[in-house]
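Note that the protein sequences, when read in sequence, are chains A and R. For the first sequence, position 91 matches number 90 in numbering that gives the first Met the number 0, and the numbering has no gaps at all. For the second sequence, position 25 matches number 24 in numbering that gives the first Met the number 0, and the numbering has no gaps at all.
Hint data in this document are derived by calculation from the structure and do not stem from the laboratory. Because the structure is a prediction, the values reported are computed rather than measured. You can take every hint at face value.
Simulated crosslink set (DSSO-like; lysine-lysine; CA at most 30 Å straight-line):
# : chain 1 : residue 1 : chain 2 : residue 2
1 : A       : Lys-61    : A       : Lys-130
2 : R       : Lys-61    : R       : Lys-38
3 : R       : Lys-38    : A       : Lys-155
4 : R       : Lys-127   : R       : Lys-38
5 : A       : Lys-155   : R       : Lys-127
6 : R       : Lys-56    : R       : Lys-38
Here is how the chains run, residue by residue.
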Amino acid sequence: MKCGPMLRPAMIALLVTLTSSFVNAQFSGPAATPESAFSIPQAQLLQPEALNHLQQSARPDKPLVLQVGSHVLFAEAHIPGAEYIGPGSQPAGLQLLQGRVASLARTKLIVLYCGCCPWQRCPNVGPAFAKLREMGFSNVKVLYLADNFGADWAAKGYPVEQGR
Amino acid sequence: MRKRLAALCRCALADLLLGVCLTAAATQGAFAASSLLHKTAPEFVRTGLNHQRVDLKAYRGKVVLLDFWATWCAPCQVEMPRFAAWQSQYGPRGLQVIGVSMDDDPADALLVVRKLGLNYPVAMGDEKLGELYGGVLGLPLTYLIDSKGVVRAEFQGEADMNVMEKQLQTLLQHP
Numbered sequence: 000m001k002c003g004p005m006l007r008p009a010m011i012a013l014l015v016t017l018t019s020s021f022v023n024a025q026f027s028g029p030a031a032t033p034e035s036a037f038s039i040p041q042a043q044l045l046q047p048e049a050l051n052h053l054q055q056s057a058r059p060d061k062p063l064v065l066q067v068g069s070h071v072l073f074a075e076a077h078i079p080g081a082e083y084i085g086p087g088s089q090p091a092g093l094q095l096l097q098g099r100v101a102s103l104a105r106t107k108l109i110v111l112y113c114g115c116c117p118w119q120r121c122p123n124v125g126p127a128f129a130k131l132r133e134m135g136f137s138n139v140k141v142l143y144l145a146d147n148f149g150a151d152w153a154a155k156g157y158p159v160e161q162g163r
Numbered sequence: 000m001r002k003r004l005a006a007l008c009r010c011a012l013a014d015l016l017l018g019v020c021l022t023a024a025a026t027q028g029a030f031a032a033s034s035l036l037h038k039t040a041p042e043f044v045r046t047g048l049n050h051q052r053v054d055l056k057a058y059r060g061k062v063v064l065l066d067f068w069a070t071w072c073a074p075c076q077v078e079m080p081r082f083a084a085w086q087s088q089y090g091p092r093g094l095q096v097i098g099v100s101m102d103d104d105p106a107d108a109l110l111v112v113r114k115l116g117l118n119y120p121v122a123m124g125d126e127k128l129g130e131l132y133g134g135v136l137g138l139p140l141t142y143l144i145d146s147k148g149v150v151r152a153e154f155q156g157e158a159d160m161n162v163m164e165k166q167l168q169t170l171l172q173h174p
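Construct the complete structure from the given sequences, taking the supplied hints into account.
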């Protein structure tokens with residue numbers, strides 16, 4: 000018996016729901032300190048597939064993608080078009096971030112990412128996100144990388160660039 | 000009607016299982032492609048933070064625990080004191096721990112090395128060394144290398160240290 004064409008979208012929806020539930024469960028653990036990745040509201044998280052889709056789309060208003068982690072890891076591989084800013088966990092990194100976005104419209108879509116360590120251990124995205132919100136940016140997303148950039152982006156076949 | 004419903008359910012389950020299987024296969028395939036398991040560990044020579052020569056090949060005959068870490072990596076800070084303890088405990092039985100810091104600034108790494116009192120050589124890494132190891136795109140990353148220079152285990156992210164120690168002991172018993 001062949002599966003009905005109505006059934007496949009329903010199954011995709013079910014899979015998306017299950018994945019979403021799993022991701023949500025990841026956030027119900029440790030307490031959210033202001034500097035932790037857990038402090039970022041779930042609505043502001045962007046899944047790798049969604050960012051890749053945004054990057055590939057023909058829309059003119061591409062997001063500004065900023066890496067706020069390690070420069071060495073950035074040099075090895077980063078998201079095409081992304082800019083290296085500096086570690087969000089350090090005052091110098093936050094200062095560079097502030098300088099980079101100072102002249103931008105507060106409605107500009109900015110995507111932050113790090114992927115240095117497992118999400119719950121990342122010291123960089125939380126402070127960087129808080130800094131942009133403090134500056135009045137209303138359209139900030141953070142790329143959700145559960146394990147690290149290698150496992151959740153590069154190894155999944157999404158495009159990367161090399162170099163500093 | 001009940002037969003049709005049962006058939007629809009079977010189809011739905013098949014689609015679900017297929018989707019899960021395909022997702023798992025794609026992920027595993029990508030990981031397998033970049034794994035160094037059962038391959039000779041890429042050789043490198045660096046100057047350590049304490050100015051000593053760190054030459055991976057020079058440690059042939061020993062079991063090597065090669066640890067990629069950074070000062071901003073919280074799980075790394077948890078692992079490194081344990082590695083230092085293993086160096087003391089298993090060093091006489093043929094273990095050599097080697098650390099590679101992926102920090103931008105050697106001064107930051109040296110501070111942590113001194114603070115933790117690490118008793119094993121630590122060298123600075125960079126993107127070239129990372130690429131040599133198939134892309135060090137997340138930390139911590141630890142390899143167990145046997146006495147012939149072959150990678151026998153790979154731990155990415157927060158590892159179960161008891162599992163790692165058991166594998167280490169096995170390698171030391173059968174180098």
